[in-house]
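Trainee: Chains U and S are the protein sequences, given in the same order. Every position in the first sequence, counted from 1, becomes a number in the numbering used here once 218 is added. Every position in the second sequence, counted from 1, becomes a number in the numbering used here once 21 is added.
By construction, these hints were calculated from the structure, which means they are not laboratory data. Keep in mind that a hint or two might mislead.
One side of the interface only, derived from the structure: several residues of chain S facing chain U at Cβ under 8 angstroms [claimed, not checked]:
#1 Gly72
#2 Ile75
#3 Asp80
#4 Thr85
#5 Gly97
#6 Gln113
Restricting the straight-line Cα-Cα distance to at most 27 angstroms, the calculated cross-link-like pairs of lysine-lysine (BS3-like) are [claimed, not checked]:
#7 U:Lys299 to S:Lys38
#8 S:Lys107 to U:Lys276
#9 U:Lys301 to U:Lys290
#10 U:Lys290 to S:Lys110
#11 U:Lys290 to S:Lys107
#12 S:Lys29 to U:Lys271
#13 U:Lys276 to S:Lys33
#14 U:Lys276 to S:Lys110
#15 U:Lys361 to S:Lys107
Glycine included, C-beta positions come from ideal geometry on N, C-alpha and C.
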Amino acid sequence: MATNPMHQFEVHRIGPEIKIADIDLSFTNASLFMFLSAAAICFVLFLGTREKKLIPGKLQLISEMFYNFIAKMISDTAGSKAKPYFPFIFSLFMFVLFCNMLGMLPYSFTVTSHIIVTLIMAIFIFIAVTVIGFLKHGFGYLKLFVPSGVPIFLLPLITVIEIISYLSRPVSLSVRLFANMMAGHTMLKVFGGFVISLGMLGGWLPLGFSVALTGLEILVAFLQAYVFAILTCIYLNDALNLHH
Amino acid sequence: MTDLKDFKTRLKIAKKKFKNNSIITNNNENSSFMGTAFKLGTELVSAVLVGTIIGFILDTWFDTKPWLIILFFFLGSVAGILNVIKVAKRMQQED
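Sequences are here, hints too, so could you generate the full structure?
Mentor: In structure tokens, the structure reads:
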């Protein structure tokens, strides 16, 4: 059981079973780790911004770095019009980052390695961006699907293709994060299993790989949170500054 | 305020050191290559997936199995290639 590399992704209930109208709302290990990452974010940011020193301490430095990082990313990719959406993108980035990073701890659970979690976030972003686009441009937002300079007889085909391309956004957004996290964690577990099965004699090589992979996974955890946030910014840019 | 002055000089020295040390920016670029490579892959696959799913749904609606799923598979592939071209263009702009 413990050597099964997929065992780490199992969701199990913690505490009593809660059922409301046939929907299982029990507290699971996934909910626990979502709660933990949200609490960790609050903890770091609260402590970091409590003392506003001119020469920042470590926690203040980290909080300011996160803030600057996201603020710069938004202004670079989506322009100044996207400033009102800073809180959303900041919380999104922090949540994904902390979920990924907490998943790197041994015996922990990676929330973002479940496609339902990433898909819900991606669908929420997708719907929000679409609503923002329609609110800002009215039906002019539909111009996104009709690129200019296309011969009239090709237009229906191109429009269908553009719509498929638009609809594929939440899928690619969620699958990327989910696949990266799941593949990485499975690989870590597989190499960990090799260490056990090869024993003292041959186990050193996979152990070395495990160490290297852990470093790589931490990089991937950060990178995927970054990619998730920057793609949200890019989609937001499409909705706010419509030009085709 | 002596604290502040001290800090300013230290900052100047640190900035000078930072300028000479270009490894940091280099490393950053390197790490994002894998991310962009994976981005291109999922961009292609997801459009094919969405196209096929749309085809499947329309097929069950209009009872025209299997023609629409075939048509939308190809449309999805085209959309995927379009996605990849868009992302590649964006990457070129950033460089």
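Trainee: Each hint needs a verdict: does it hold in this structure or not?
Mentor: Hint-by-hint comparison with the structure:
no.	hint	in the structure
1	Gly72	holds (5 angstroms)
2	Ile75	holds (7 angstroms)
3	Asp80	violated (15 angstroms)
4	Thr85	violated (16 angstroms)
5	Gly97	holds (6 angstroms)
6	Gln113	violated (15 angstroms)
7	U:Lys299 to S:Lys38	violated (36 angstroms)
8	S:Lys107 to U:Lys276	violated (40 angstroms)
9	U:Lys301 to U:Lys290	holds (10 angstroms)
10	U:Lys290 to S:Lys110	holds (21 angstroms)
11	U:Lys290 to S:Lys107	holds (23 angstroms)
12	S:Lys29 to U:Lys271	holds (15 angstroms)
13	U:Lys276 to S:Lys33	holds (20 angstroms)
14	U:Lys276 to S:Lys110	violated (39 angstroms)
15	U:Lys361 to S:Lys107	holds (17 angstroms)
Violated hints for the displayed structure, listed by number in ascending order: 3, 4, 6, 7, 8 and 14.
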